[in-house]
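Given the structure of chain P, go ahead and fit chains W, H and C onto it with the hints provided.
Chains as they are written, first to last, in the numbering used here: chain P, 1 to 85; chain W, 1001 to 1125; chain H, 2001 to 2086; chain C, 3001 to 3164.
Errors might be hidden in some of the hints.
Chain P regions said to be covered by chain H (calculated; three or more residues, Cβ under 8 angstroms) [what the hints assert, rightly or not]:
1) 4-16
2) 22-29
3) 39-46
4) 56-66
5) 73-80
Just so you know, the hints here were simulated from the structure itself, not pulled from any lab data.
Cβ atoms here follow ideal geometry from the backbone N, Cα and C, with glycine treated the same way.
Single-letter residue listing:
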Amino acid sequence: MNNEIIYSVIAIGIGSIMLIMAVIAILNNKLSVAIIAAGVVSLFASVLFLLMSAPDVAMTEAAIGSGLSTLIFFYVLNKIKRQNA
Amino acid sequence: MKETLEIIGQIFLLMGSFSLLTAAIGLLRMPDVYNRVQTGTKASTLGAILSFIGLALMTYENWVEINWVGRFAVLVVFIILTNPVSSHVLMRAAYAMKIPLSKLTTVDKLREDINNKIVEEPKDE
Amino acid sequence: MDNIVIYISIAMLMATLLAGLIRFVKGPSVVDRVVAFDSMTVTSLVMIGVIAFLSNRAIYLDVAVVYGFLSFLGVVIVAKYIQGGL
Amino acid sequence: MKIKNIFVSFLVIMIGWMLLTWSLDMSSVLLGIGISLALSIVLCNSCTLFNEINLTPKAFAYFFWYIIVFMIELVKANIDVTRRVLSPSMPINPGIVKVETTLKSKMARLILANSITLTPGTFTIEINDDAMYIHWIDVESEDVEGATNAIVRKFEKLLEVMYG
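Next comes chain P alone, as it looks inside the complex (with noise of 0.2 angstroms):
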């Protein structure tokens, strides 16, 4: 099939990627920086779920890892940072 050589060369791309994100948000300095970096890894998850036809994991993944994770990060950011103000 050329479908499966086209999704292996996504997925070494979109892995690939994700790896360095991973990398960029525990070295990083910055913490705002290092939670974008965590919602970027958990968006590219969720293509690669897609690409092993699992879509309802995908959404999941989407949803909870990307939406609702970031938000309660910078929330609690924001509340630590206006503390210790």
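Just chains W, H and C now, kept in the frame of chain P:
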């Protein structure tokens, strides 16, 4: 007739991908944040619209029984509605952080009017 | 070998993702990184559309709608955080 | 006034429902009508979003004409930005200019600002009363009059018909 539809769809898909690539090159080459927002988010809007139209034309075989066109239309309308809002919000945030404009900039009427107390400053923290 | 156009466009989309990644790594401020994030999510929306076309399943496009809405939400959240709202 | 609000939002929600279900069954259409009627009554009880829109055939025709003009501008400006990005010397000349609009209704101003933002090269940063502050990638004229003629006029004269 059907081959014509497919060829038109493929041309649209290629144009959309090329427009996305242009947006990315602009993202790399532009000198400051404001110009990056300009080229980065809006050339990508046109690229996404063209690509979705092309993909919708390429699925002509089962337009009736499977809902391809409706979903692509919802995506296109969604992108047209949300993309200017998000890029505008980003630009305001960049202006509130006081990121300096590049050296090529000729005129800044907003800063003049803020200094003249006509407009109030967008606040940061 | 009849879908060579799909291969070319996939290659262009991968190049776009790579350019966004470079801008994300280099970007001096937070806003640069968020712009790169936005460009990458629009690119991956198109990529989801191409994947749905290749595997001939229209249900994948629903994932694309949810994905686009959540990326928009993420950008607005970051901008509100920068401006001190939230 | 409230009837018009409810009617327009009902139309929008119903078109969305029809596009997403893609079937003309009796039950599906009836369910869609019920749900969108309930949603538009609940949501638009106090909103003033579609207050100033004109529901005449002329305004409807101008709506489609506006979409065509907007698409042409979008493609033209994108070709211009592509030329700027790909040329080696990168001929850009950015700046923030001030333009003025004569539109009064909020919805028309929203549509105008979003159209300016979507055509590449120009970008709305701030709106204050009648003045809009626009980041322009290639400044042709720095004063208010010239910038207004170059950016706003072509959209404004169509929007004036739609929004009275």
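Results of checking the hints against the structure:
{"no.": "1", "hint": "4-16", "result": "holds (count 6)"}
{"no.": "2", "hint": "22-29", "result": "violated (count 1)"}
{"no.": "3", "hint": "39-46", "result": "holds (count 5)"}
{"no.": "4", "hint": "56-66", "result": "holds (count 5)"}
{"no.": "5", "hint": "73-80", "result": "holds (count 4)"}
Violated hint for the displayed structure: number 2, the only one.
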